[in-house]
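Protein sequence lines correspond, in order, to chains A and B. Sequence positions in the first sequence follow the working numbering and run 1 to 391. Sequence positions in the second sequence follow the working numbering and run 1001 to 1292.
Note that these hints are calculated values from the structure, not bench results. Just to be clear, a hint being listed does not mean it is correct.
[Stated by the list, open to error] The calculated lysine-lysine pairs, modelled on DSSO-like cross-linking and capped at a C-alpha distance of 30 angstroms, are: (1) A/K217 - B/K1163; (2) A/K217 - B/K1128; (3) A/K36 - A/K307; (4) A/K198 - A/K177; (5) B/K1128 - A/K229; (6) B/K1127 - A/K231; (7) A/K231 - B/K1128; (8) B/K1033 - B/K1128; (9) A/K177 - A/K191; (10) B/K1175 - B/K1163; (11) B/K1279 - B/K1127; (12) B/K1127 - A/K229; (13) A/K177 - A/K231; (14) B/K1081 - B/K1161.
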Amino acid sequence: MKKSLVLLLALILVIGSFTACGDDADTGDADATEVKIGVNYELTGAVATYGEASKDGILMAFEEINAAGGVNGLQIVPVTVDNKSDAAEATSLATRLMTQEGVAACLGPATSGNYMATIPVAMGNGIPIISASATADDGVTVDANGNINEYVFRLCFNDSFQGVTMANFASENLEAKTAVIIQDNSSDYAKGLAKNFKSTFTDAGGTIVAEEGYLSKDKDFNAILTSIKGKEFDVIFLPGYYQEAGLVIKQARDLGITAPILGADGFDSPVLLELAGAEALNDVYFSNHYSSQDQDPLVQDFIAAFKDKYGTEPNAFHALGYDLGKFIADAIERAGSTDPDAIKDALAGTTNFVGVTGTFSIGEDHNPIKSIVVIGLEDGVQATSVKVDPK
Amino acid sequence: MDQFLQQIVNGISLGSIYALIALGYTMIYGIIKLINFAHGDIYMIGAYIGFAVTTYTNLGFFPALIIAMAGCTVLGVTIEKIAYRPLRNASRIAVLITAIGMSFFLEYTMMFFVGAEVRSYPMILSKKTFNFGDILINIQQIYIVLTAVALMILLQFIVHKTKTGKAMRAVSVDKEAAQLMGINVNTTISFTFAIGSAFAGAAGVLVGIYYNSIDPLMGMMPGLKAFVAAVFGGIGNIPGAMIGGLGIGIMETLISGYGNSMYRDAAVFALLIIILIVKPTGLLGKNTREKV
Chain A
1 MKKSLVLLLA LILVIGSFTA CGDDADTGDA DATEVKIGVN YELTGAVATY GEASKDGILM
61 AFEEINAAGG VNGLQIVPVT VDNKSDAAEA TSLATRLMTQ EGVAACLGPA TSGNYMATIP
121 VAMGNGIPII SASATADDGV TVDANGNINE YVFRLCFNDS FQGVTMANFA SENLEAKTAV
181 IIQDNSSDYA KGLAKNFKST FTDAGGTIVA EEGYLSKDKD FNAILTSIKG KEFDVIFLPG
241 YYQEAGLVIK QARDLGITAP ILGADGFDSP VLLELAGAEA LNDVYFSNHY SSQDQDPLVQ
301 DFIAAFKDKY GTEPNAFHAL GYDLGKFIAD AIERAGSTDP DAIKDALAGT TNFVGVTGTF
361 SIGEDHNPIK SIVVIGLEDG VQATSVKVDP K
Chain B
1001 MDQFLQQIVN GISLGSIYAL IALGYTMIYG IIKLINFAHG DIYMIGAYIG FAVTTYTNLG
1061 FFPALIIAMA GCTVLGVTIE KIAYRPLRNA SRIAVLITAI GMSFFLEYTM MFFVGAEVRS
1121 YPMILSKKTF NFGDILINIQ QIYIVLTAVA LMILLQFIVH KTKTGKAMRA VSVDKEAAQL
1181 MGINVNTTIS FTFAIGSAFA GAAGVLVGIY YNSIDPLMGM MPGLKAFVAA VFGGIGNIPG
1241 AMIGGLGIGI METLISGYGN SMYRDAAVFA LLIIILIVKP TGLLGKNTRE KV
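Bound-form chain A, shown alone (with noise of 0.2 angstroms):
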């Protein structure tokens, strides 16, 4: 009996070095006419919207490019796998993506949380790694001992940029003097950028009348707004995401507070219609990647061939996700090679890279220097944009 299953054990490991030295021969042939990259996405679970957003937008971007010819005529081979929304499976993911695919580099996760946990992984393997919408402020691209990532990049913004632009949107824009906070207390995102907004808006003169919590999944925000509607005050500022927003939103005008309501990147979503209803999305302004309103043609071709090839309007994520899929195929022309540390190089170098995100360059600290969007509701349907600049 333990005979055979020795005898078994010994036959599993030959028949795995077969296909093992199967694999490594592959790729060290497919080398000379494709370059292979890691699409590490959240495709199902908590986020899937924010995944499977991102990577239609790579994968569009990349077979463009192989349509035009690949870069340094090599093919682009997206290597996709689902991390489920789970920091661990995404951590596995890119060590199995770096270490046996072979991947030149990783694009993803979608999320902060996510994505910061593959960070060591990239840096254990010296492969570059990218995210078009991990937005949290710190331990992203700079360690928590103020060092660079050397190959963690971002497309995005961070969230105090999104909430200090929100808080001067409602000052400027809005001639607002009092503001209700009413935050996701459950995620880091949301605290972040009240804490921001906050300081901004207080520095300016303006004051914050109350501030209120809730706790990702809750449906019954009454309460809460029952109790602020007794306040005066000019502006609502709600950092969170689109599932309670929406039902924020809409329970707030049902209740009859008119106040404009503000928010950042996490509101974007088509769910945010549905839950709030066209009606309740009045006078509702939130920070953002790209808006569908830019008259660039760039961004007007953009949006003609997402709905030419997927049938529907795409978001910032799509928008997102399409121009990290030229990001890196720009950076791997300019690099001239496919290795890693090349491709890093390009990356850190990046000047003037036209997106439809808009133009940045990368800084020093790896995170770009790009404008912020702010768009307006009326109906539900995005009416205004404001281009707002780095300052």
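For chain A, the structure is supplied; the task is to place chain B on it using the hints.
Okay, now just chain B, sitting in the frame of chain A:
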């Protein structure tokens, strides 16, 4: 004062939903001494049935409510037959663990089929609001409270005025004696699951209409809170579950409105601990004759 009354209105709407779920908990506990942790998930499935009916067939509120209640009845009876009946003579902890397993089974099966993304109900009720001074009551809140009250009256009628109700009361007092009197215990237990599940299904549809957002894990928290409500009112006691549900709803709203909304859930579960220490039988627990 206006604000206080408005908060009470909010609390009663929320509490009616807890009460509907708590009724099922308390009835099932009363009859087979089982805390049916899958009850919150039957409520979730009720919400999805209502969603499917209103979205794909364009039926109105009442058909959706009745179809969801019927669907949940079938589900509840099936669960009892498959999962709980074979364990009728097993230890209570075995049935309890089965109930927890059933809860996860329902949650993740739903997630597999419908995905984790939140869904919203189509607008099936008009967007009317009534002003009483500064107090706003919207049409959904009226529907919730009226439906809950109507169902509770119906339940009281079934339990106290019908033969089946008498059988339910008899089984809850003494299963063996009831059997000796010619009562079919299995049918009676099935009937209890049927009514409890139908009420949970109704609560699911009402929540879908009121909050406009449903997801496969929506049953977890309300399920636990309804359990607290059932214990608060005296588990096994039907009027207790109603009072407990409304009490928890109003308490939550007042804590969020006047205290800090972060302590809301903590306060509900602190209440559970206090009741279990001070008066384990709950508010109306002494009245054992009313048990069903």
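Hints versus structure:
no.	hint	result
1	A/K217 - B/K1163	42 angstroms, violated
2	A/K217 - B/K1128	26 angstroms, holds
3	A/K36 - A/K307	27 angstroms, holds
4	A/K198 - A/K177	12 angstroms, holds
5	B/K1128 - A/K229	19 angstroms, holds
6	B/K1127 - A/K231	25 angstroms, holds
7	A/K231 - B/K1128	25 angstroms, holds
8	B/K1033 - B/K1128	43 angstroms, violated
9	A/K177 - A/K191	21 angstroms, holds
10	B/K1175 - B/K1163	16 angstroms, holds
11	B/K1279 - B/K1127	43 angstroms, violated
12	B/K1127 - A/K229	20 angstroms, holds
13	A/K177 - A/K231	13 angstroms, holds
14	B/K1081 - B/K1161	27 angstroms, holds
Violated hints, listed in ascending order, are 1, 8 and 11; each of the other numbered hints is respected by the structure.
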